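S.K.: Sequence:
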Amino acid sequence: MTAPSRIVRQLLTPFFALLLLAPASSGLAEACRIGFDVGSSGIRMGPAKYPEKARIAIDYLGDVWPDHEINITVEPTIQAFRELPGRGGAPEGCLPVAGGYSAWRFALQKGDPAILVETLQKIHAQTGVPLFIIPQDIEGTHGHLAARQSLGEKLTTPFILDLGGGSVQIAGEQSGWGSDLGQKAWRKLFCEQVKKNKDPACSPNPVGDKAIEETLRLLQPRFEDAVKAVGTELNITAISAPVVKTLHPVLKYLADERQAIPSGGVDDRGFDRATLLDAIGLLQEMDDTGLNRLLNDPLTHPGQPVCDVKYLATLVTDMLLIHAIMENLEIQRMEVAFASITNVPGLIADPRAEAWRARYPCYLEKLLLLGVDAYKADPASCPLLPVPETGAPAR
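If you use our numbering, the sequence shown corresponds to residues 1189 to 1583, in order.
Any given hint might turn out to be false.
DEER-style ranges, computed between Cβ atoms [as the list claims (entries may be wrong)]:
1) Arg1405 x Asp1475: 18 to 28 Å
2) Pro1388 x Pro1539: 36 to 46 Å
3) Pro1450 x Ser1363: 31 to 41 Å
4) Asn1259 x Glu1361: 29 to 39 Å
Calculated pairs, DSBU-like style, for lysine-lysine (alpha carbon to alpha carbon, straight line, at most 35 Å) [what the hints assert, rightly or not]:
5) Lys1416 x Lys1372
6) Lys1383 x Lys1241
7) Lys1298 x Lys1440
8) Lys1372 x Lys1298
9) Lys1384 x Lys1372
10) Lys1376 x Lys1398
11) Lys1433 x Lys1298
12) Lys1386 x Lys1342
13) Lys1564 x Lys1498
14) Lys1416 x Lys1298
15) Lys1398 x Lys1310
16) Lys1310 x Lys1433
17) Lys1383 x Lys1433
18) Lys1376 x Lys1386
19) Lys1440 x Lys1376
20) Lys1398 x Lys1241
21) Lys1383 x Lys1372
22) Lys1386 x Lys1372
23) Lys1398 x Lys1298
24) Lys1398 x Lys1386
25) Lys1310 x Lys1376
26) Lys1440 x Lys1384
27) Lys1372 x Lys1342
28) Lys1384 x Lys1342
29) Lys1384 x Lys1498
Hints are computed from structural coordinates only; laboratory data are not their basis.
Model, not experiment: these values are computed from the prediction.
Glycine is no exception: its CB is placed at the ideal position from the N, C-alpha and C atoms.
Sequences are here, hints too, so could you generate the full structure?
M.R.: And the structure:
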């Protein structure tokens, strides 16, 4: 018997135990579905339609980076799956589904897939929640749906850019691309590859006068797949806080109030690539103290700081990453519109999640064989197993 077959045989026992304990079918269960967005820094729970109902902070990247395993966060995940539905006011009996994103992909691709499958088995057996490892391009299209729900007519471009802690996505309604170049992950990579510093507390500032060319050299191969997936010269809107609430206000401050860079390339709705390049040139030789003095001097900018001190360490590396994206994809201008989105609406609307729910042991077997692309496999290739009509986690 192969190793995958042994693991799947072990998976079937708790799976059928859940079936035997499940209550009878109810109309409520058919109508009520909830999802869990298990991101790099926590879990957000919600219904099929926006908005999110409850969240909890869990540092998955801090867990997975040292040993490439999801281990110390397993029990908090189980507890969260049990508690968040009640905290968010979900009725009893809602059918749950969960998506695992950057940290979970990292554990699958860099760690031992068999260990991760055993972890997913444990979570499912103790909560009834099937957790799927979502490919990055699909994460992007899920995010695009949530952004459209959140922003409505404020979203005026066909593509969005979503910069998270562990990954970055560019997505349209039908196509998308993603990479493990999130804000925290890129800072770590920049420190290791450019600063030659593997200390987790490394500050990349000052990034140095070679930072732009070093960034383009490091990242250009990754963007070849992006060009193939979504093309070039995109009309795109950045929707996440690092760009909308930090990078963009800094550009406006430097151009409009300090007049330290040309003012024509940034306005209330977005910024162009040349202005971003000017800002990097201005800031590249400053350490954290120098950046704080320039951006948050109470004499020149009383009141609310332009850039919160806790974001200074990643401000310039964020600029370098966004510039590299714009350079490689030939994006001249980026719009901005903040949307505090989750992947829940897209996950619940995705027929693959529902199809794999009824075949979860087989999905886990395919995860061992196909890696992250298991979610894209044809669920009909697996035997259909009966599933409980009411799958809400025990509280």
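S.K.: Against this structure, judge whether each hint is valid.
M.R.: We went through each hint and held it up to the structure:
no.: 1; hint: Arg1405 x Asp1475: 18 to 28 Å; verdict: holds, 23 Å
no.: 2; hint: Pro1388 x Pro1539: 36 to 46 Å; verdict: holds, 40 Å
no.: 3; hint: Pro1450 x Ser1363: 31 to 41 Å; verdict: holds, 34 Å
no.: 4; hint: Asn1259 x Glu1361: 29 to 39 Å; verdict: holds, 37 Å
no.: 5; hint: Lys1416 x Lys1372; verdict: holds, 26 Å
no.: 6; hint: Lys1383 x Lys1241; verdict: violated, 41 Å
no.: 7; hint: Lys1298 x Lys1440; verdict: violated, 40 Å
no.: 8; hint: Lys1372 x Lys1298; verdict: holds, 17 Å
no.: 9; hint: Lys1384 x Lys1372; verdict: holds, 16 Å
no.: 10; hint: Lys1376 x Lys1398; verdict: holds, 18 Å
no.: 11; hint: Lys1433 x Lys1298; verdict: holds, 32 Å
no.: 12; hint: Lys1386 x Lys1342; verdict: violated, 41 Å
no.: 13; hint: Lys1564 x Lys1498; verdict: violated, 38 Å
no.: 14; hint: Lys1416 x Lys1298; verdict: holds, 25 Å
no.: 15; hint: Lys1398 x Lys1310; verdict: violated, 47 Å
no.: 16; hint: Lys1310 x Lys1433; verdict: violated, 38 Å
no.: 17; hint: Lys1383 x Lys1433; verdict: holds, 27 Å
no.: 18; hint: Lys1376 x Lys1386; verdict: holds, 8 Å
no.: 19; hint: Lys1440 x Lys1376; verdict: holds, 27 Å
no.: 20; hint: Lys1398 x Lys1241; verdict: violated, 45 Å
no.: 21; hint: Lys1383 x Lys1372; verdict: holds, 15 Å
no.: 22; hint: Lys1386 x Lys1372; verdict: holds, 13 Å
no.: 23; hint: Lys1398 x Lys1298; verdict: holds, 30 Å
no.: 24; hint: Lys1398 x Lys1386; verdict: holds, 19 Å
no.: 25; hint: Lys1310 x Lys1376; verdict: holds, 31 Å
no.: 26; hint: Lys1440 x Lys1384; verdict: holds, 32 Å
no.: 27; hint: Lys1372 x Lys1342; verdict: holds, 28 Å
no.: 28; hint: Lys1384 x Lys1342; verdict: violated, 42 Å
no.: 29; hint: Lys1384 x Lys1498; verdict: holds, 22 Å
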